[in-house]
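Student: Listed in order, the protein sequences are those of chains A and B. First residue of the first sequence: 132, per the working numbering; consecutive thereafter. First residue of the second sequence: 35, per the working numbering; consecutive thereafter.
Honestly, I wouldn't trust all of these hints.
What the hints assert, rightly or not - Here are the simulated DSBU-like cross-link-like pairs (lysine-lysine), alpha carbons at most 35 Å apart as the crow flies: (1) K223/A x K252/A; (2) K347/A x K309/A; (3) K252/A x K275/B; (4) K223/A x K266/A; (5) K221/A x K275/B; (6) K266/A x K275/B; (7) K266/A x K221/A; (8) K275/B x K223/A; (9) K221/A x K309/A; (10) K104/B x K175/B; (11) K309/A x K223/A; (12) K347/A x K357/A; (13) K309/A x K266/A; (14) K309/A x K275/B; (15) K347/A x K175/B; (16) K357/A x K266/A.
Worth flagging that the hints you see were computed from the coordinates, not collected in a lab. Here the structure is a predicted model, which is why all the values come from computation and not from measurement.
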Amino acid sequence: MTQNAIEASHVNKQYSGHVAVRDLSLSVPTGAVYGLLGPNGAGKTTTIRMVLNIIEPDSGTINVMGVPATSAGISDRIGYLPEERGLYRKMKVRDVLKFLAALKGVHAHDADRRIDWWLDKLSLRTDERDWGSAKIEELSRGMQQKAQFIGALLHDPDLMILDEPFSGLDPVNAQALKDSVMDLRSRGKTVIFSTHIIENAESMCDSVCIIAHGEKVLDGTLADVKTQYGGPPVEKTVMVQPSLYDIFLQRVGATGVEPGMRGHG
Amino acid sequence: MADTASKLWAIVRREYIERVRTRWFMISTIFAPLLFAAIAFLPLLLMTKDAKSVAPRVLIIDATQQGLGKYVARSLAVLRSTSEDATTADVRIVSPDSLAHARDNATSEVARRLANGFVVLDSATLRGDTAGYAGRQADSKSDRLTIANSVRSGLIALRLERGGLSASSIDSVVSAPIPTIQAASINDSGRDVTTPAKAIIATIVAFFLYMSIIIYGQNMLSGVIEEKMSRVSEIVISSVKPETLLAGKVIGVTAVGLTQQIVWVGGTVLLISARTMLFGAPAIAKAQAAGAAGGFGSNDMLAALVATPWSWVVLVLVLFLLGLLFYGALYAAVGATVGSEQDARQAAFPVVLLLVLTAVLISPTVQNPTSTLAVTMSMLPFSSPIILPIRMAITNVPTIQVVASLAILVLSCLGAIWLAGRIYRVGLLMYGKRPTLAEVRRWIFTS
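Let the hints inform the model, and build the full structure from the sequences given.
Tutor: Dropping the structure here:
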């Protein structure tokens with residue numbers, strides 16, 4: 132049996148008088164895309180930080196890829212994109228990425244090669260411009276987010292944790308990131324992402340966990356959750372007006388111009 | 035798996051390279067040696083200028099009718115220590131009636147830069163009351179003192195002549211060389227070797243140390259706040275422990291400061307070594323001679339800089355390194371507790387206060403380096419990096435005090451880094467309102 136990428140058991144975390152996470156237990160299957168869902172302030176970020184060993188739980192245990200989250204070296208197998216994003220504004224993109232890679236133990240030579248590959252893949256290096264040699268502050272917000280995403284991936288982690296990865300991205304960039312996440316899954320990597328946009332979770336996740344007020348509400352595979360909590364399938368009849376596309380197809384057809392129409396000029 | 039050392043190195047390298055690349059670093063690094071050299075070379079520059087523009091001779095208008103002028107000229111030559119002056123001293127013997135006319139002529143010559151100035155000797159001079167001096171540097175105290183001494187020697191020689199002493203004996207009295215005084219002051223603890231030049235150098239070095247620690251401390255503070263507010267620190271501490279990030283930052287910033295200090299020392303040494311090339315050997319020799327005679331220009335600063343022992347320079351660098359580690363850790367701890375630059379100014383106040391208190395004590399330490407206050411301050415870790423070098427520059431500090439001061443500072447650095455690490459660990463992830471002192475205490479003492 133394949134071990135779970137993450138096993139959390141009865142985890143509690145409290146900040147001065149405020150309970151952030153209460154008795155949370157969850158299992159993230161290896162190779163799955165796992166959605167951590169919940170409203171703002173539900174405890175998603177605190178849970179993620181405990182998995183990353185940035186903060187310690189008050190009680191309970193967290194194992195990551197078979198070893199305690201506090202184990203030395205385990206962080207080199209995890210990639211992390213935090214919710215609030217930012218990089219060293221005065222540094223060049225490539226220098227920042229090399230720095231982040233070095234923190235994960237990637238040698239400079241390998242880092243350069245991987246940075247080139249990712250810059251190409253996420254359109255930050257084109258025939259017109261190589262954004263790798265630009266300063267972070269020269270990049271648009273979406274570009275900065277992509278650069279940070281690359282920084283989280285350069286060491287080819289087995290577990291990728293993305294905290295609200297699609298917030299603030301335009302549809303094109305959001306799709307590029309979604310494609311990259313699905314690529315990771317196809318290569319057997321585990322991806323956890325927290326979101327409060329349920330549509331994203333539904334279209335991408337194999338399993339989900341819903342948290343509210345620091346407590347788990349439910350978890351499981353998407354199919355199980357739907358079966359267990361969604362009740363029997365419901366047939367819906369929806370009355371809608373034909374879309375503009377339908378009208379176009381109906382009037383113009385898929386092949387050509389309507390007879391009698393004249394071009395301009 | 036990358037080990038902690040290589041990750042620490044990555045942080046140190048980033049901190050170092052990003053800071054050294056800035057324009058501010060380049061400018062300030064080049065500026066300081068030039069300033070030091072300018073202070074040391076100022077007398078040389080003035081002297082070089084004098085040599086070119088003003089004739090180095092003094093006219094002596096002798097209206098005494100007793101031959102005082104020739105003795106004054108001889109004495110002046112001795113006091114100025116150069117044979118060149120002796121030959122160019124021009125004695126003009128005039129009658130009391132034509133003194134006004136001679137004075138007008140001399141004034142005109144000085145105005146046309148044919149002479150540097152003129153001395154007027156008359157009956158009042160013979161009585162030992164007054165002698166006149168007019169010239170381009172008439173307001174120079176040392177010039178006036180030299181003239182007064184020459185006139186006095188001249189009067190002594192004249193009286194010896196009247197007493198029947200032979201001309202050769204008189205000449206041997208007037209031309210007796212002026213010994214160089216090796217000053218040694220005595221303070222409460224015994225013999226001292228303070229010189230004004232040493233005190234000036236110690237003050238300047240202390241000022242530079244103070245400025246560097248303030249600047250790099252503030253630099254550290256804004257670096258931590260930038261990382262915290264841009265949330266970069268959260269990415270970094272998902273890869274390394276907060277203590278490693280803190281250590282990397284403190285070491286990186288300290289290395290930048292140390293680099294600058296080494297360039298400053300090296301640049302100053304190079305410029306001083308190149309002084310012969312820059313000014314020419316005659317100007318240097320003249321400056322040294324003038325300095326030795328305490329006469330028309332002082333070369334003391336340059337001499338004191340050249341005589342600065344390397345052991346002191348190394349100790350200053352070590353103390354600076356430790357001081358920057360100490361204050362760097364404190365500033366980083368402050369940075370971790372705040373959420374904006376405005377908050378930082380308030381929160382950093384206690385740290386700044388320690389530095390300002392030290393700066394206030396620079397002058398009293400220079401004046402009395404063996405006082406209880408100076409000794410105490412050279413032991414306390416927040417002031418010893420600045421106060422101890424001053425004391426060591428101008429007095430003999432007992433070895434036991436130096437060792438004790440260094441030991442206290444090293445232990446305090448370790449303590450400050452531990453303390454900062456505890457605060458840093460929690461503070462970096464705390465956004466929003468500033469923590470209370472009680473909360474910070476809890477961060478430090480709760481595991």
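Student: It remains to establish, for every hint, whether it holds in the given structure.
Tutor: Quick rundown of the hints versus the structure:
no.: 1; hint: K223/A x K252/A; in the structure: holds, 19 Å
no.: 2; hint: K347/A x K309/A; in the structure: holds, 26 Å
no.: 3; hint: K252/A x K275/B; in the structure: holds, 32 Å
no.: 4; hint: K223/A x K266/A; in the structure: holds, 4 Å
no.: 5; hint: K221/A x K275/B; in the structure: holds, 24 Å
no.: 6; hint: K266/A x K275/B; in the structure: holds, 27 Å
no.: 7; hint: K266/A x K221/A; in the structure: holds, 6 Å
no.: 8; hint: K275/B x K223/A; in the structure: holds, 25 Å
no.: 9; hint: K221/A x K309/A; in the structure: holds, 29 Å
no.: 10; hint: K104/B x K175/B; in the structure: holds, 24 Å
no.: 11; hint: K309/A x K223/A; in the structure: holds, 26 Å
no.: 12; hint: K347/A x K357/A; in the structure: holds, 16 Å
no.: 13; hint: K309/A x K266/A; in the structure: holds, 26 Å
no.: 14; hint: K309/A x K275/B; in the structure: holds, 30 Å
no.: 15; hint: K347/A x K175/B; in the structure: violated, 88 Å
no.: 16; hint: K357/A x K266/A; in the structure: violated, 46 Å
Going down the numbered hints, you'll see the structure goes against 15 and 16, while the others check out.
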